[in-house]
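Engineer: The primary structure of each chain is shown beneath.
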Amino acid sequence: MSALSVAVEHRQGAFRLDAAFETPGGVTALFGRSGSGKTTLVNLIGGLIRPDRGRIVLDGETLVDTGARRFVPPHRRRIGYVFQDSRLFPHLSVRANLLFGRRLARASDGIGFDDVIDLLGIAPLLGRRPNGLSGGERQRVAIGRALLARPRLLLMDEPLAALDETRKAEILPFLERLRDAARVPIVYVSHALPEVTRLADRMVVLEEGRVVASGPVDAVTARLDVSTLRGARQAGAVLSATVEGHDPAFALTRLATRAGPLDLPLLDRPVGASLRILVSARDITLSLRRPEGTSALNILAGTVAEIGPSADADPMVELRLDCAGASLVARLTRRSLAELALRPGLPVYAAVKSVALLD
Amino acid sequence: MTDWLTPEEWAALRLSLLVAGTGTLASLGPGLGVAYLLARGRFWGKTVLDMLVHLPLVLPPVVTGYLLLLAFGRRGTFGAALAELGIVLSFRWTGAALACAVMGFPLLVRAIRLSIEAVDVRLEQAAGTLGANPLQVFALVTLPLILPGILAGLVLCFAKAMGEFGATITFVSNIPGETQTLPSAIYTLTQVPGGEAGAMRLTLISIAVSMVALVLSELLARGVARRLAA
Numbered sequence: 000m001s002a003l004s005v006a007v008e009h010r011q012g013a014f015r016l017d018a019a020f021e022t023p024g025g026v027t028a029l030f031g032r033s034g035s036g037k038t039t040l041v042n043l044i045g046g047l048i049r050p051d052r053g054r055i056v057l058d059g060e061t062l063v064d065t066g067a068r069r070f071v072p073p074h075r076r077r078i079g080y081v082f083q084d085s086r087l088f089p090h091l092s093v094r095a096n097l098l099f100g101r102r103l104a105r106a107s108d109g110i111g112f113d114d115v116i117d118l119l120g121i122a123p124l125l126g127r128r129p130n131g132l133s134g135g136e137r138q139r140v141a142i143g144r145a146l147l148a149r150p151r152l153l154l155m156d157e158p159l160a161a162l163d164e165t166r167k168a169e170i171l172p173f174l175e176r177l178r179d180a181a182r183v184p185i186v187y188v189s190h191a192l193p194e195v196t197r198l199a200d201r202m203v204v205l206e207e208g209r210v211v212a213s214g215p216v217d218a219v220t221a222r223l224d225v226s227t228l229r230g231a232r233q234a235g236a237v238l239s240a241t242v243e244g245h246d247p248a249f250a251l252t253r254l255a256t257r258a259g260p261l262d263l264p265l266l267d268r269p270v271g272a273s274l275r276i277l278v279s280a281r282d283i284t285l286s287l288r289r290p291e292g293t294s295a296l297n298i299l300a301g302t303v304a305e306i307g308p309s310a311d312a313d314p315m316v317e318l319r320l321d322c323a324g325a326s327l328v329a330r331l332t333r334r335s336l337a338e339l340a341l342r343p344g345l346p347v348y349a350a351v352k353s354v355a356l357l358d
Numbered sequence: 000m001t002d003w004l005t006p007e008e009w010a011a012l013r014l015s016l017l018v019a020g021t022g023t024l025a026s027l028g029p030g031l032g033v034a035y036l037l038a039r040g041r042f043w044g045k046t047v048l049d050m051l052v053h054l055p056l057v058l059p060p061v062v063t064g065y066l067l068l069l070a071f072g073r074r075g076t077f078g079a080a081l082a083e084l085g086i087v088l089s090f091r092w093t094g095a096a097l098a099c100a101v102m103g104f105p106l107l108v109r110a111i112r113l114s115i116e117a118v119d120v121r122l123e124q125a126a127g128t129l130g131a132n133p134l135q136v137f138a139l140v141t142l143p144l145i146l147p148g149i150l151a152g153l154v155l156c157f158a159k160a161m162g163e164f165g166a167t168i169t170f171v172s173n174i175p176g177e178t179q180t181l182p183s184a185i186y187t188l189t190q191v192p193g194g195e196a197g198a199m200r201l202t203l204i205s206i207a208v209s210m211v212a213l214v215l216s217e218l219l220a221r222g223v224a225r226r227l228a229a
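Chains as they are written, first to last, in numbering that gives the first Met the number 0: chain A, 0 to 358; chain B, 0 to 229.
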């Protein structure tokens, strides 16, 4: 059974949203350009707007069913919402803001006050007023406030968008801890692919109010047919990996991935630890035979799975490789594509020049 | 300390404070409700309600007083019904308070309405997602945020009530000790030979009361603002 299932149609002026997705839990990213309908979709889930038509079911409870004229108002949904602009109450202290939802829920179970303070590192702020806080501090308090109301689902609408890079880097670790510690399913809205690949388990890609791709992050990020991703992919494909062993003599760490083993500069992670890596499309070189006498350490065998669309003005084209079931994306020139006569099904070898660690 | 005012003058001051205070407080509840309706409501007849509320501001006060007399006099539509319940308004201080409440109402509603319109609806939405029902949203978020507007409205209404003359004298007349407020007393004193000194004393008192009310409201508003900004 899925934790959250959404199927809605909604018209707002000239904009039309017609979206459906399901998620079993964990962190689900709603990804798309601005204006693609991400915020409208979370507002529908949170109950801030009523859909023209559709159904929203959370944990087996029907929150919205226009056919049955059912609409549960936001305050009875127990869905936490972290807004882009934090929306802390200016007339209350940080402590009173944090306790706002908790007092209304009259609950002492679930995640504890001290745990949340600890998790978000906001103990020094408790006595202060929201107006005196920095953007990053405000967002951490807003996250804590939503968590303490004991939500069944947490909606986060671009919680980092209003922050500069330094602040983002300051908050991301908190979000990761939250994901691992709070056990609340999260729907995370973002237009930044690095954020999504770092935080989310699953992603739903929206374009002009429609879902164009949906599924596990590694499968979706490797799709070539999604134009939103093509624009955003300075990156490449995401792979799950576990630490297989360390080689201190050469200062290398060996990772096991579904696509094959990869050697990285020595990592400070225990053997067996699981992590996610990003293989950049630009950092893959393809050859038809296994390269010999090369300095490249990491060579993965696979087949060409898909060739992306190309434009006359663009010398580059993207390829999706299938390496033992895992997807990699390679970016090469159209001329190389023609000279190697690459076509779907052809076995190739991918030399991976570098790998970025996501968490 | 009472020898610098005559007993009648003391009575007028006491009565003015009582009438203006009662009228202002009586306006607060309905004023808050009407202000909320005007600021947030979307209903048929909103413009009509808006006009009705503002009517006492533009009508000659004597006309308002006369309408009150027609409605709440002993033989008036409401007056007769209230008289059955033992509530008599005409020619009583309670009637003067009603006249004050009606005359101050537009000022009170206007101040509160403006402050409600200035409240960020997104904060109220956030409170909803935290589990607050609409009543709790109003009590815990909207009300604290509009407190400065309510204070401003109360002061304006009180000041208007302290100075109210036309509607009061038309509706409840000018009975010393019962309906003779400061303005009525000043008017009476200016009509009798040798009353100038008394009129001047009451005028100074009127000015003092208004100033105290203004300063008090300013201090309260500053306190609230500080609480929000800190």
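There's no promise every hint is true.
What the hints assert, rightly or not - Chain A stretches covered by chain B per the calculated footprint, using a threshold of three residues with CB under 8 Å from any CB of chain B:
#1 64-74
#2 82-89
#3 236-247
#4 279-293
Said to hold, decoys possible - Over 12 Å on every C-beta distance to chain A, these chain B residues come out as not near it, computed from the model:
#5 Trp3
#6 Glu123
#7 Gly127
#8 Val208
To be verified - Chain A is faced by these chain B residues, among others (derived, beta-carbon under 10 Å):
#9 Thr76
#10 Val136
#11 Thr202
#12 Ile206
What the hints contain is simulated information worked out from the structure, not anything from laboratory work.
It should be emphasised that the depicted structure is a prediction, and the values quoted were computed from it without experimental measurement.
Cβ atoms here follow ideal geometry from the backbone N, Cα and C, with glycine treated the same way.
Engineer: Each hint needs a verdict: does it hold in this structure or not?
Structural biologist: Structure-based check of all given hints:
1. Here's how the region 64-74 of chain A fares: 3 of its residues keep a CB closer than 8 Å to some CB of chain B, so the rule of at least three is met and the hint holds.
2. Interface restraint, the region 82-89 of chain A with chain B: holds (5 residues with C-beta to C-beta distance below 8 Å; minimum three).
3. With a threshold of 8 Å between beta carbons, the proposed coverage of the region 236-247 of chain A by chain B is violated, since 0 of its residues qualify and at least three are required.
4. Counting residues of the region 279-293 of chain A whose beta carbon lies closer than 8 Å to any beta carbon of chain B gives 0, which falls short of the minimum of three for the stated coverage.
5. For B:Trp3, the requirement that its beta carbon stay farther than 12 Å from each beta carbon of chain A is met, with the minimum near 45 Å.
6. In this structure B:Glu123 is not separated from chain A by more than 12 Å, as the shortest Cβ-Cβ distance comes to only about 10 Å.
7. The non-interface label for B:Gly127 is inconsistent with chain A: the shortest C-beta to C-beta separation is roughly 4 Å, within 12 Å.
8. A cut-off of 12 Å between C-beta atoms confirms that B:Val208 is not in contact with chain A; the least separation is 31 Å.
9. The closest approach between the C-beta of B:Thr76 and any C-beta of chain A is roughly 41 Å, which is over the 10 Å cut-off, so the hint fails.
10. The beta carbon of B:Val136 is positioned within 10 Å of a beta carbon in chain A (closest approach about 8 Å), and the interface hint is therefore held.
11. Annotation: interface hint on B:Thr202 violated; nearest CB of chain A at approximately 40 Å, more than 10 Å.
12. Look at B:Ile206: its Cβ only gets to about 35 Å from chain A, farther than 10 Å, so that hint breaks.
Hint violations for this structure: numbers 3, 4, 6, 7, 9, 11 and 12, all remaining hints satisfied.
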